[in-house]
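Chains V and A supply the protein sequences, listed in that same order. When you line the first sequence up against the numbering used here, it's residues 1 to 202, in that order. When you line the second sequence up against the numbering used here, it's residues 1 to 195, in that order.
Since the hints were derived computationally from the structure, they do not count as laboratory data. Think of the CB as a built atom: it goes at the ideal place given N, C-alpha and C, for glycine as much as any other residue. Be careful, since some hints might not be right.
[Stated by the list, open to error] Listed next, with one range per pair, are the computed distances between beta-carbon atoms:
#: 1; chain 1: V; residue 1: Pro152; chain 2: A; residue 2: Glu29; range: 22 to 32 Å
#: 2; chain 1: V; residue 1: Glu45; chain 2: A; residue 2: Asp161; range: 47 to 57 Å
#: 3; chain 1: V; residue 1: Ser169; chain 2: A; residue 2: Pro132; range: 33 to 43 Å
#: 4; chain 1: A; residue 1: Glu159; chain 2: V; residue 2: Gly180; range: 20 to 30 Å
#: 5; chain 1: V; residue 1: Glu45; chain 2: A; residue 2: Lys173; range: 33 to 43 Å
#: 6; chain 1: A; residue 1: Pro41; chain 2: V; residue 2: Ser174; range: 42 to 52 Å
#: 7; chain 1: A; residue 1: Lys173; chain 2: V; residue 2: Pro152; range: 18 to 28 Å
#: 8; chain 1: A; residue 1: Glu159; chain 2: V; residue 2: Asp90; range: 18 to 28 Å
#: 9; chain 1: A; residue 1: Gly17; chain 2: V; residue 2: Pro178; range: 39 to 49 Å
#: 10; chain 1: A; residue 1: Glu20; chain 2: V; residue 2: Glu45; range: 27 to 37 Å
#: 11; chain 1: V; residue 1: Arg91; chain 2: A; residue 2: Gly43; range: 27 to 37 Å
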Amino acid sequence: MDSSFALAPVWAHTRAVTIELVREPNFTDSELIERVADGDRPAFEELYRRYARAVLGLALRRLGDRGRAEDAAQDAFVAIWRSARTYDSDRGTGAPWLYAVARNAITDGLRRSPEPAAELEDRPGGGPDPADRAESAWTAWRVHRALEVLPPHERPVIELAYWRGLSQSEIAESLGIPLGTVKTRTRSALARLADALEEELP
Amino acid sequence: MSERGPDFDDLVGSDLGPGERERLLRVHELLVAAGPPPELPSGLAVPPAREPTRLVRRRRRVALVALAAAFGLAAFAAGFLIADRGDQRGTFRVVAMTGTAEAPGASASLEVFDVDAAGNWPMEISVEGLGPSASGRPYELWLTSKGRLAALCGSFLPEPDGTAVVPMNAPYKLKEFDGWVVVEEGTTAPILTTT
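Turn these sequences into a full structure, and let the hints guide you.
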């Protein structure tokens, strides 16, 4: 049989790609994915800016090893590039779709790699169950994505308070700003995160 | 700071309304649960190119298998011919897949979308009636050539109800292949084939 039986028309189906620059910083994730589907590189770069740390965090959680996680994060973004056309905004917002594509790509990397992974088989009686792990990974994904909405002057107060263990006074001293400003920025940052988590993510 | 994170009331003060306090408390709990995001190394400072060479090279590994003749060129051709020709926007073909004796109740529909500017073929496989593999390992979708597994398109795990809807990709020239099969990871026995 002629192997070109059904594939010859493929080349006739290739569509022209329209490249548009992302000029608005306020595109939703869904809008960016749809632009990526049309070959919009700046839209992809904006998605990357928003999700790079979340994807790397997910890969680290799954693989444990930093080097392998960095490779997997790259693979995940390549998968996002390739899969963008399959995204249907009627079926959900962008974040869960991105999470699913990234997780699948990371799992592919896990399967291809011979080294033991940080998060592998279910072990009876040991560690959190798969549902808890999945919930934990999804929570981290959402929060790490939401952190990207914080302006540069608010983000440090959150990171120093939550992950460096500094008190409000220590943060004020560390950043060289008044204590009242630290409190104002902290509250503002938490409100901004609440908005992001409520509006952009399900 | 304790494992529960910084003291919430210290952070936000005591003059918040109950609704706003509850809203920010939820964020506080999520921040504590999520932990810190990783810092990006210099190697990830910029987005990857669409087709990293190492990825393509890795996916070109070829696994030799003995597939039955029924799963060869004729099956692939028939799959295209009887498939929905797909007037739906962006869909190039929808290919039917059926379960082999390994999974007689299983079926799948493989939607192949229009080739993109870089020559990739985005796809989505929708599976029904497929239980978990005996080993618990994922299933894999492969392109076949001359009775061999030739190119990996992706992997998936079915939901408890036997369904799965998973994006896949074929960064290859499809005319170099003659069909698709689903196998259990690490095996070569077809579970689903193009019919």
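Review point. Which numbered hints turn out to be false for this structure?
Key: 2, 3, 4, 5, 6, 7, 9
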